[in-house]
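Asks: Given chain A, work out where chain B should sit, using these hints.
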Amino acid sequence: MSMLNVFQIAGSALNAQSLRLNTTASNLANADSVIAEDGQPYRAKQVVFAAKPVGATPPVGGVRDKGAAASVGVQVTQVVESAAPMRLVYEPHNPAANAEGYVEMPNVNVVEEMVNMISASRSYQNNAEVMNTAQTLLQRTLQIGQ
Amino acid sequence: MKTQLDQQLQFHQTALNLQAHRQQLLASNIANADTPHYKARDIDFREALQGALGKQSNLALATTQSRHIAGGGGDVLEGATKYRTELQSAVDGNTVNMDVERAAFAENAIHYEASITFINGLLRGMQTAISGQ
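Chain order of the listed sequences is A and B. First residue of the first sequence? That's 1 in this note's numbering, and the numbers climb one at a time after it. First residue of the second sequence? That's 147 in this note's numbering, and the numbers climb one at a time after it.
Isolated chain A (complex conformation) (with noise of 0.2 Å):
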């Protein structure tokens, strides 16, 4: 049934974006934080995306799934540290300042968090917008005849 397969693909795909929308309402929300729980400053973290075949079950009674080829879902391989250098201010009187009266300050990137957030809504949007329209077809195949 390959209808039946674009919910998984979208399915996997709702499922990384809301991962990647989720990392950047974490990052927007600690753009602030001196100290995260290890002491150090927060770090801009990023979601890393890799295409997944999806539906590649073992075959039936020796018979391949032929759309199990065709359908490639979404996945998250892994959650990386930004290893851009620390946004430094010079504020003398914070406690957590340096000698020199500077305090490191997490390397969030407002600008491309932002972005990022209206991107992965609109992908995820998309993505809704699919697995209604397989919805909608796979009814209407269900009442093939009635």
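Misleading hints may appear alongside valid ones.
[To be verified] To give a feel for the contact side, a few chain A residues facing chain B, derived at Cβ under 8 Å:
id: 1; residue: Ile9
id: 2; residue: Ala10
id: 3; residue: Ala70
id: 4; residue: Val72
id: 5; residue: Pro92
id: 6; residue: Asn126
id: 7; residue: Arg140
id: 8; residue: Thr141
Keep in mind the hints are simulated off the structure, nothing from the lab. Heads up, the beta-carbon is just placed ideally off N, CA and C, and yes, glycines get one too.
Replies: Here is chain B on its own, set in the frame of chain A:
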């Protein structure tokens, strides 16, 4: 013995299968719009339909000697699946163009519904003939 209804139903069934397959490919493209290095794919519907109806298979091996092995001919769908021509290049090597994909997805959905309507029409016609009303 195949009746006319059988033949027509089989044609629409083949078309429906191909459209479902294409829907899957397009869903994959849309899902992977943000995946680096993903290459968008699509099927040449005309070629796939002709292949599925047994008219031709472009994966057959050319045999020029009597002792050449003919080969299985390959899978029609795999032969008709092609990579999309890039319209605008992306830095991450992704070739998905969301506008193209969405348009193709919507168009394919309409074709799918059309096939279902044809099948329903055939069945309804037969029903009318059987019941004689």
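Asks: Tell me the hint numbers this structure goes against, listed in increasing order.
Replies: 5
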